[in-house]
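As a plain string of letters, each chain reads:
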Amino acid sequence: MKPKKGLNLLKKYLTGKPSPEEQIQVDKWYDSIEEKSEEIESIDQIKEELYLRTWNQLSQTSQPISLYKKTLFRYSIAAALIICLGTFWFLFQQKNPPSTQSLVHAAAPKNDVAPPTDSRAILELADGRIIILDSAGSGSLATQGQAVITKLSDDKIAYTPLENETGIPSFNTLRVPKGSKPVQLQLADGSLVWLNVGSSITYPSHFVGNTREVKMTGEAYFEIASNAARPFIVQKGEMSIRVLGTHFNVNAYEDETSSKITLLEGSVEVNRAANEKLLIKPGQQAVVASSAGIKLVKSVDMDEVMAWKNGWFYFNRLSLPEIMRQLEKWYDVEVTYEGAKSTKNFTGMVDRNNQLSEVVKLMEMAGIKFRISGKKIHVMQ
Amino acid sequence: MLSCLSDKDLLLSDKEESAFRVLYNRYWELLYRKAYSRLGNRSDAEDITQEIFITVWRNRQSINPEPTLAPYLLTAVKYAIIKKVYREAKKGVTVALSISELEHTGITEEDILHYRELQGALSKEIATLPDRMQQIYRLNRMDHLQVAEIATRLNLSEQTVRNTLSIAVKRLREKLSDFSAASFFL
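Which chain is which? The protein sequence lines are A and B, in order.
According to numbering that gives the first Met the number 0, the first sequence holds residues 0 to 380 in order.
According to numbering that gives the first Met the number 0, the second sequence holds residues 0 to 185 in order.
Hints in this document: simulated from the structure, not taken from any laboratory.
Mixed in with the good hints, there may be bad ones.
Using C-beta positions, here's what the derived DEER-type ranges look like [claimed, not checked]:
{"#": "1", "chain 1": "A", "residue 1": "Lys4", "chain 2": "B", "residue 2": "Thr54", "range": "27 to 33 Å"}
{"#": "2", "chain 1": "B", "residue 1": "Thr107", "chain 2": "A", "residue 2": "Leu151", "range": "31 to 37 Å"}
{"#": "3", "chain 1": "B", "residue 1": "Ser5", "chain 2": "A", "residue 2": "Lys3", "range": "43 to 49 Å"}
{"#": "4", "chain 1": "A", "residue 1": "Ser372", "chain 2": "B", "residue 2": "Ser165", "range": "19 to 25 Å"}
{"#": "5", "chain 1": "B", "residue 1": "Tyr78", "chain 2": "A", "residue 2": "Glu253", "range": "20 to 26 Å"}
{"#": "6", "chain 1": "A", "residue 1": "Leu161", "chain 2": "B", "residue 2": "Arg57", "range": "46 to 52 Å"}
{"#": "7", "chain 1": "B", "residue 1": "Glu157", "chain 2": "A", "residue 2": "Asn274", "range": "27 to 33 Å"}
Just so we're clear, the structure is a prediction, and the values are computed from it rather than from any experiment.
Note that beta-carbon positions come from the ideal geometry of N, C-alpha and C, so glycine has one too.
Looking at chain A on its own, in the form it has when it is part of the complex:
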């Protein structure tokens, strides 16, 4: 005997005309079976076979894909022309770094801005929850996908995968706002990321598939856990960096004209758009500019590149705006220019734990005048 009532009900449901009661009844019935989370036998095989079947069907009937894409950029061979009206060197090192105590308690005098004393990183979870790192207690923060997030200290968090590393990962974003100290993040594969001020990184709670992929903005230093079978890929706009296991720094702030990828160990491949790539060796830097493709710099001052992570400002023949952009992020201040901008270049090294006025004082020795008022620096000329 056929269940006539049931059949009629489903027919109505499927043709889109159920009454509210009927709709509720079918929904309730559908939800009465819960998916079991138990292992499905040979699931990886099913996954691959089904994928091939599905893609084959799609590709047989869809439009042919065009084989060439517009590629209009080419390498810029000309070396950058450096206009340098005057180079000033200033060096300011504190031989005895101030104790943390004096830093915390020395209130900034009026019209001065103190350096960041803590990390104010913000963690955005996949469900929209937001965790402010320094106001959360140490220990386990949350579970995302198949990983547990642990706060190790005010500037360090770690993702630890659970035993069962399958399932859909959750995507989380870690942001370090202006005026915050850098933060260290340990990803589920054991890779370490140091995130500089004014930067963010988006990553899965655990890595699935053949690659490990993250997205970033700003500046970050990576120490990638070696895994030859699963390349690690950092993506920023149309640029991507592909590595197997290595140490490198990426400087890709939105307000800079180019992105710089500097390699400390191992080897990395820098890609821009579809078909432009460059392999770099330790000590080398790839400079990616939206207008000029990828350029190789064969010898780089590593101290300059890594200064931020080591607690320094290291300006190597930088223009005034380039320096001011770094100060804006670190001290969370706004810079305004009164009169024409200086075209001089500056070179120097300053401890990042200085008050803003100390940094500014050094630059004043090079002939630039500044005025600090509240969270604003006016550059007078």
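Please arrange chain B on chain A, whose structure you already have, making use of the hints.
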């Protein structure tokens, strides 16, 4: 790098094959498990999963993937499963999600209340949307017009219609997040 992209970016990506692969990796197991647990056999579950991915991909220009594709996929898989149950039952075949169980599923006052609350809350929230947004939302969701048809009818670009729809759905979802089943109705 594609695996970091949102569902929307994947649907619009020009690296079609890799984008599809990432979407597939993201959702195939969710769909497969839904179907497998209710139909109880591998080949039906595979067929349904395949069918849904093909539909999604072929209609990728017109479906709304914001904030994610999950609500769309869950609705699609539910519909496909119920259709399969119906067809099997007509042949006299019973699967795990049994049709006699359907006849024995009673609804309570509470079920109705919850549904009414949701419907009421939904129409109330729709009414708070700006006029043009409301009109586009209703044409799409209630009159089942495609984006292209709405664009022609209202003399707007398809992109404008798509953007408006995605903003409307986002707003409704945010406001109705208390109702767990809301995503099915939007």
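Hints, one by one, checked against the model:
Taking 27 to 33 Å as the suggested C-beta distance range, the pair lysine 4 of chain A and threonine 54 of chain B conforms, at roughly 30 Å. For threonine 107 of chain B and leucine 151 of chain A, the hinted distance range of 31 to 37 Å is not satisfied, since their beta carbons lie about 49 Å from each other. The given range of 43 to 49 Å is respected by serine 5 of chain B and lysine 3 of chain A, whose C-beta atoms sit roughly 46 Å from each other. In this structure, serine 372 of chain A and serine 165 of chain B break the distance hint of 19 to 25 Å, their C-beta atoms being roughly 43 Å apart.
In this structure the supplied range 20 to 26 Å is violated for tyrosine 78 of chain B paired with glutamate 253 of chain A, their Cβ-Cβ distance being about 43 Å. As the Cβ distance of leucine 161 of chain A to arginine 57 of chain B is approximately 36 Å, the hint placing it in 46 to 52 Å is violated. Checked against the hint of 27 to 33 Å, the C-beta distance between glutamate 157 of chain B and asparagine 274 of chain A comes to roughly 30 Å, which is consistent with it.
Of the numbered hints listed earlier, those contradicted by the structure are 2, 4, 5, 6.
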